[in-house]
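A.B. asks: Once you've looked at the hints, dock chain G against the given chain V.
Below are the chains, spelled out letter by letter.
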Amino acid sequence: MGRSFLALLRRDITLALRRRTDVLTTLFFFVIVVSLFPLGVGSEREVLRLLGPGVVWVAALLASMLALERLFAADYEDGTLEQLLLAGQPLALLVLAKVLAHWLLTGLPVVLIAPLIGMQYYLPQTAILMMMLALLVGTPVLSLIGAIGAALTLGLRGGGILLSLLVLPLYVPVLIYGSGAVSVSTIAAAESQPYLFLLGAFLVLALVFAPLASAAALRISLE
Amino acid sequence: MLEAVDLTCRRGDRRLFEALDLRVAPGVLLHVRGRNGSGKTTLLRALCGLFSPESGMIRWRNEDIRRLGDDFRRDLLYFGHLNGIKSDLTGVENLRVAATLDGDAVHTDDLWQALERLGLAGFEDLPTRMLSQGQKKRVALARLVISKAPLWILDEPFTALDVDAVALLQDLIADQVADGGLVILTTHQEVALTSGQIERLDLGSRH
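The listed protein sequences correspond, in order, to chains V and G.
With the first letter of the first sequence counted as 1, position 154 gets the number 154 in this note's numbering; the numbers rise by one all the way through.
With the first letter of the second sequence counted as 1, position 168 gets the number 168 in this note's numbering; the numbers rise by one all the way through.
Excised from the complex, chain V in its bound form (with noise of 0.2 Å):
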C-alpha cells in the first residue's frame, strides 16, 4: 500500500519534471498577476501593504485553479486513470498521492517564493513570516479541494470554467482566514495564532475527506 503510494507520487514528479513548462506556468502565472498590482494601484507604500496579504491569496488562489485541470485530465487521457482505478489499492490513498504531487509542484513553490512578493509589498518582516506560514498550511487545502472538482468536471466540455465555479467558492474560508493571518500579524496588538489554527483545521478536515470524495468522484467519471 505504501509502495503503491510512493510509486504513484514518484511517478507523477518525474513526469513533471520531465514536462517542465507545466510547473513553471503556474508559477510564472503566480509572480505576474501579483506583480501588476503595484502597477495598477501606484507604489504608494500604505496602500500596498494594506492589498499585499489579499492579493498573495487570490493569486495563490488562481494559480492553484490553473494546474487543477490537468490533475487527472493527462491520466483519464492515457487509460493510466483506468489502470489506478482497478489497480486493487484503496483509491483515496493513490488520490492523495497525486494530490501531494500536485502541491510539491504547485503550491510549495508558491510558498518559497512568498517572501519576494512580500517584500514588493512593504510587508514588514513578521508579516511575510506569518505569509510563508499560512501560504504552506492553506495551499495544500487548496489542493484537496480542488481534486474533488477535477475528479467531477472530469471529461466534460467546457470542464475547466466549470471547474472554477464549483471550486472557487469552496476557497473562500481558505483565502478569509489565510490574508487574515497575514493582515492581523501586520498589526502590533493582534495574535494571528487563531487562523493560523483554524487552517490547520480545514487542512485536517481537508486530508480526511478529500480523497474519499475524490475517489469517488472519479468512479462516477469514468463510468
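These are computed hints drawn from the structure, not numbers from a lab.
The following label-pair restraints were derived from C-beta to C-beta distances:
id, chain 1, residue 1, chain 2, residue 2, range
1, G, Arg200, V, Arg10, 41 to 47 Å
2, V, Arg10, G, Asp110, 16 to 22 Å
3, V, Arg10, G, Val163, 34 to 40 Å
4, V, Ile113, G, Val5, 57 to 63 Å
5, G, Asp104, V, Pro124, 54 to 60 Å
6, V, Leu6, G, Ala160, 31 to 37 Å
7, G, Asp6, V, Phe28, 54 to 60 Å
8, V, Leu168, G, Glu54, 33 to 39 Å
9, G, Arg11, V, Phe197, 47 to 53 Å
10, G, Glu199, V, Pro173, 55 to 61 Å
11, G, Thr8, V, Leu112, 54 to 60 Å
12, V, Leu207, G, Gly134, 40 to 46 Å
13, V, Leu62, G, Thr159, 39 to 45 Å
Computed, partial: chain G to chain V, Cβ under 7 Å:
id, residue
14, Tyr78
15, Leu82
16, Gly84
17, Thr100
Computed footprint of chain V on chain G, listed as stretches where at least three residues anywhere in the stretch have a Cβ under 8 Å from a Cβ of chain V:
id, stretch
18, 48-59
19, 85-95
For every residue, glycine included, the Cβ atom is placed at its ideal position computed from N, Cα and C.
C.D. replies: Frame of chain V, contents of chain G only:
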C-alpha cells in the same frame, strides 16, 4: 470462477443486451464476439466493475464483485482500448509503476526480461512517445508477462500488432489458460489455444 447473472446494460437510451448469463470457469477462454456497437466493450467494463449494469449481478468466486471491491480488483488485469502508459516515461518505468500498483513485487531484471520477451530489446530506455503504435501496445502488453492475476479481461488486444506480436500474445494467453487462469477477450481474429477450452459468446445476434 466469474459469473454474470441476468445482466442488463444500457448506454443512454439504447439497451445493449439484457438478461445475459455467463460463466467462465478456470482454464477457459471466453471469446466475446459481435458487430461494432453490440456492447462488447461495455460488457467487459461491466465485468471489471468500471461500469454499473442497469440490473443483474456479477460474481467472482461466488461473491458479488461490488462487495469484494479491491479484493476483486487485485485478481484482475484489464487491458482496454487505451494503452495506459505514460508517453514521457520509458518502457521500464511504465512497467515498474504498473507492476507496483498491481501489487506485484518485481525485480528490475524481470522488467527488462518482460520487455525483451515482447521484442522491445533496445527500446526499453526510450520514452514511449518515441515508439510506434505497435511498440506502445507491446509495452502495455508486457504487463501480461509479469502479472500474477488469475483473471484477464482484454479488449481488442490484437489490434495494431504485427504477426510476431500476435503469435506472442497468443502464447501468453495460452499459458494463462493452461495455468488455470481465466481469459475474457474481444477480437475479430480467431485465437488458437494449445490447451484449455474456448467458449464463445455472441452479442447482438438474438435480434
